[in-house]
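Since chain A is already given, all that's left is putting chain B on it; use the hints.
Residue numbers (this note's numbering), protein chains in the order written: chain A, 6 to 261; chain B, 112 to 419.
I should point out that these hints are in silico values taken from the structure, not numbers from a laboratory.
Watch out, some of these pointers could steer you wrong.
Not everything, but these chain B residues come out facing chain A in the computed CB check (under 10 Å) [what the hints assert, rightly or not]: (1) Pro117; (2) Ser167; (3) Ser170; (4) His171; (5) Ser176; (6) Ser253; (7) Pro272; (8) Ala346; (9) Met361; (10) Leu404; (11) Leu409.
In this text the structure is predicted, and so the values were computed from the model without any measurement.
Here a beta-carbon is modelled for each residue, glycine too, at the ideal position from N, C-alpha and C.
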Amino acid sequence: MRFWRLTGFAAALAALAAAAPAHAERLVVSLSAHRVLINSSFTGAEPVLFGVIERDAASAARRGGYDVVVTVTGPRQEVVTRQKQRVLGVWVNARSRTFSDAPAYLAVLSNRSLAAIARADTLQRLQIGAARTPMASDAADDPATDAFRAAFLRLNREHGLYREEANAITFLTPELFRAAIELPANAPIGNYEVDVKLFADGALLARQTSAIEIVKVGFEQFIASAAREHGLAYGLATATLALLTGWAGAVVFRRD
Amino acid sequence: MEIYLPIADLPVNVFLLFAMGIAVGFISGMFGIGGGFLMTPLLIFVGISPAVAVASVASHIAASSFSGVIAYWRRRALDFALASMLLIGGILGTMTGVWLFSILRTVGQLDLTIGLSYLTLLSAVGSMMIVEGLRAIARARSGKPADIRRPGSHTWIHGLPIKVRFKQSKIYVSVIPLWVIGFGIGFIGAIMGIGGGFLLVPALIYLMRVPTGVVIGTSMILTLVTMAGATVMHAGTNHLVDVVLALILMVGGVIGAQFGARAGQKIRGEQLRLLLGILVLLVGLRFAFDLVLQPDELFSLRPIEGRL
Chain A
6 MRFWRLTGFA AALAALAAAA PAHAERLVVS LSAHRVLINS SFTGAEPVLF GVIERDAASA
66 ARRGGYDVVV TVTGPRQEVV TRQKQRVLGV WVNARSRTFS DAPAYLAVLS NRSLAAIARA
126 DTLQRLQIGA ARTPMASDAA DDPATDAFRA AFLRLNREHG LYREEANAIT FLTPELFRAA
186 IELPANAPIG NYEVDVKLFA DGALLARQTS AIEIVKVGFE QFIASAAREH GLAYGLATAT
246 LALLTGWAGA VVFRRD
Chain B
112 MEIYLPIADL PVNVFLLFAM GIAVGFISGM FGIGGGFLMT PLLIFVGISP AVAVASVASH
172 IAASSFSGVI AYWRRRALDF ALASMLLIGG ILGTMTGVWL FSILRTVGQL DLTIGLSYLT
232 LLSAVGSMMI VEGLRAIARA RSGKPADIRR PGSHTWIHGL PIKVRFKQSK IYVSVIPLWV
292 IGFGIGFIGA IMGIGGGFLL VPALIYLMRV PTGVVIGTSM ILTLVTMAGA TVMHAGTNHL
352 VDVVLALILM VGGVIGAQFG ARAGQKIRGE QLRLLLGILV LLVGLRFAFD LVLQPDELFS
412 LRPIEGRL
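Chain A with its partners taken away, still in its complex shape (with noise of 0.2 Å):
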């Protein structure tokens, strides 16, 4: 993990010095890994994000200081959320709500609080936190009082799918930033969009996008593509495994 952290400095460093020049101020963002792999001893992984805030002369001077906000979004899913009511004394679902592109992670990182970057309607405009992100749904609801959206996100919050984390980024100077993306064990594998923002008084001054794919390798991979495309062949493959297990539990214990 630090030799990640190492050799992404270093790239954030390398992209600074061969950056292009500009009128304001710009972006300039790396990755340690642009890909993350799942094997069997997979419990998360944590890419690290740094970027590079570029002035020029044409930079005005920013009083209070950059603000960064990291949005990074996972696969989009067709999502069931169901409510248990009690019918008869017994807990069963209920009523249910499909969420048709919600992201399967999500996560939201700044230096400081959205609140304190950014005015409400801007963050609303510019869709960034999990209550702004938009999500289809297969019923008319206001997003701000529906309590399947809540329980949406709540219930994502708590799996670690969904974090805001308004002390994620670290400005190591004033123009120089890391930001650490945890991903957990439970993470879909697919590809993660990395948008980064820069913000000063308030506003976007600049934009800065980059991916992340998680993979499932070797025996992870074979497996789950075997279970999903050749579910017959798979299946009879664990018949004979569970038959050949048995034949030698009995062969090994044979007591007469």
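Positioned in the frame of chain A, the structure of chain B alone reads:
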């Protein structure tokens, strides 16, 4: 040591799973049952989704029942003719069960169905076993012999048509109740992730008058084929069988069963049945609590597959 389960999609401790396999294997060896009714709930309680638990336990039961079938085959304590009649119903039952499983999963009522089925089945069977065990112990105390098989007492089951003579079991019965029993066991096995041995053995003894000597081995043939079939069908339709999970459980289960079988021989039959009854009832009650008590979390999420 944490290992990432590729289908269940979560990391679990290998030693915990292995220990569960051994513990359930021990109990299954001790009582001569598959142990699915314990293993599936245990997996659900450690956080594996009920659907993956049911589908993966099927292969675990197939492994332990195959061990059992080999052991009984060496002693020639199997009735293949009887088993094949049960299997006709069993395979159909498993297919119907897997089909219903997929439907319930789509409409979001699978977990509830699994919970309710466990509650009803285990409470009923557990209570019956406890009552029966207590009676048997009382009989043994008073010195009267146990009367399991009364040749003269025929029920309406023996009046059904298509009668066949099963030489090994020395019975002459209609195949219709055998198909029905096989179907029922295959059906609930596929939905609940149980082999159904603890239901099938009493059914064959009390309803069909199958002698106790061949009943366990014969019921294990049905369990073996329906559970191996359920593994293949669950893998082919729902893609929920986790082979890594299944393998750890299988190995643990097969080892545990050997020690359980030895321990079982040291305890008397009536006491064994009473113990099993209490165990079954406790698992059933655990499901009752989960269903009746207000859950901490009323909402649940489930991604719809194929849209990633």
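Against the structure, the hints:
{"no.": "1", "hint": "Pro117", "result": "holds, 4 Å"}
{"no.": "2", "hint": "Ser167", "result": "holds, 9 Å"}
{"no.": "3", "hint": "Ser170", "result": "holds, 4 Å"}
{"no.": "4", "hint": "His171", "result": "holds, 7 Å"}
{"no.": "5", "hint": "Ser176", "result": "holds, 7 Å"}
{"no.": "6", "hint": "Ser253", "result": "violated, 35 Å"}
{"no.": "7", "hint": "Pro272", "result": "violated, 35 Å"}
{"no.": "8", "hint": "Ala346", "result": "holds, 3 Å"}
{"no.": "9", "hint": "Met361", "result": "holds, 4 Å"}
{"no.": "10", "hint": "Leu404", "result": "holds, 8 Å"}
{"no.": "11", "hint": "Leu409", "result": "holds, 5 Å"}
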